[in-house]
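Following the working numbering, the numbering of the sequence shown begins with 1038 at its first residue and continues without gaps.
It should be emphasised that the hints constitute simulated quantities derived from the structure, not laboratory data. Hints may contain errors.
Okay, derived cross-link-like pairs now, DSSO-like style, lysine-lysine, Cα gap no bigger than 27 Å in a straight line [unchecked claim]:
#1 K1284 / K1221
#2 K1221 / K1208
#3 K1131 / K1208
#4 K1131 / K1221
#5 K1070 / K1221
Estimated spans, in silico, between C-beta atoms of each pair [unchecked claim]:
#6 S1127 / E1343: 39 to 47 Å
#7 S1308 / D1357: 36 to 44 Å
#8 P1190 / E1303: 24 to 32 Å
#9 A1307 / N1093: 37 to 45 Å
#10 P1094 / R1326: 43 to 51 Å
#11 G1293 / L1121: 32 to 40 Å
#12 S1127 / A1286: 16 to 24 Å
#13 S1308 / Q1170: 46 to 54 Å
#14 V1193 / K1131: 24 to 32 Å
#15 P1097 / A1324: 28 to 36 Å
Don't be surprised by glycine CBs; every beta carbon is placed ideally from N, CA and C.
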Amino acid sequence: MLIGKMTSEVSAEMAPTVTQVWRVGAIMNEPLKEVLKFCAWYLALGADELTICFDNPDDPAIEALSEHPRVRCIPCTPAFWHSLGLTAESAFVKRQNAALTWIYGQYPDGWLLNVDADEFMYFEGRGVADVLQQEGGQALSIRVITAERVIAPEGVGETLFRRPMAYDVRKSVYGTDAKLFGPKRSGLVGHPQGKSFVRCGVAGLQLRQHWPRAGSVEAGEEVLLDHRDGAHLLHMIGADFEIWRNKLAWRCGSRGFTDPLTERIEAALASSQSETELRDLFSRLHALRPDQVAHLEREDALLRLEWDLTALVQREFGIDLERIAMP
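Build out the structure end to end from the sequences listed, making use of the hints.
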């Protein structure tokens, strides 16, 4: 079992010890609290710059972050999308890939990590720059496999994440609900593939959600890291019911869930007891009973972390998240 610590001292513990320039790119349309958590995490990890394309060009986070020396805010205005050959009405995935590829093209060297607002890269005992130095070699990209946030039973102090698991493990943990996870997601609700650091400066490279592509084929040599390397992409998909609830329509429409889960969600949305059914489904998918915690631990499929993003936001920005009202 790997037990990590990630507290408000994160940057002091994990500051880079070698010279490897790395940056973060994202497109997002999230509540201000979530944007601040994301930025605080990656600034604390030592990212040289964050470039965020805001899908809402009037996003309040732009004003909050625009003066920060290591955060670059890009409002996605109609003119911005036009410059990429798109419009604000183009499919989100198409806009996402175009924006990420545009960000990639801004940097002639170093590495770019493209992630979503609810994804937090975490390495046990190593800084990001150290990992890039030690693992990168001549590789074009370094992909880190997902660990997915789950709600801990009452009395558990750490924040819990489940790792990808074999079919027999997820069947024994989730019983008849295992079919909702699908055959290709390794016991996760979201994506198991993870996200990639991509070496900058390669002409013609296009970024996709999980890895780079050159034209219509996968591009170049990839290093793959997972929990055996102390490497995790922490996906917060199940961290909060309200955020999960607000994204259901979008995820169902963009194949963010498996077909059986999409059908179950759509049935719940159409029900006269929709909120009750959705809360029950959320709990079954994203919360753990004590026996499930024990089972996942026996299978080396559970990560425990001490997790305090509120403290990181306070330290990086001097902002108390409790004073920010949710929209």
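Checklist entry - Which hint numbers does the structure go against, in order from smallest to largest? => result 3, 5, 9, 11, 14
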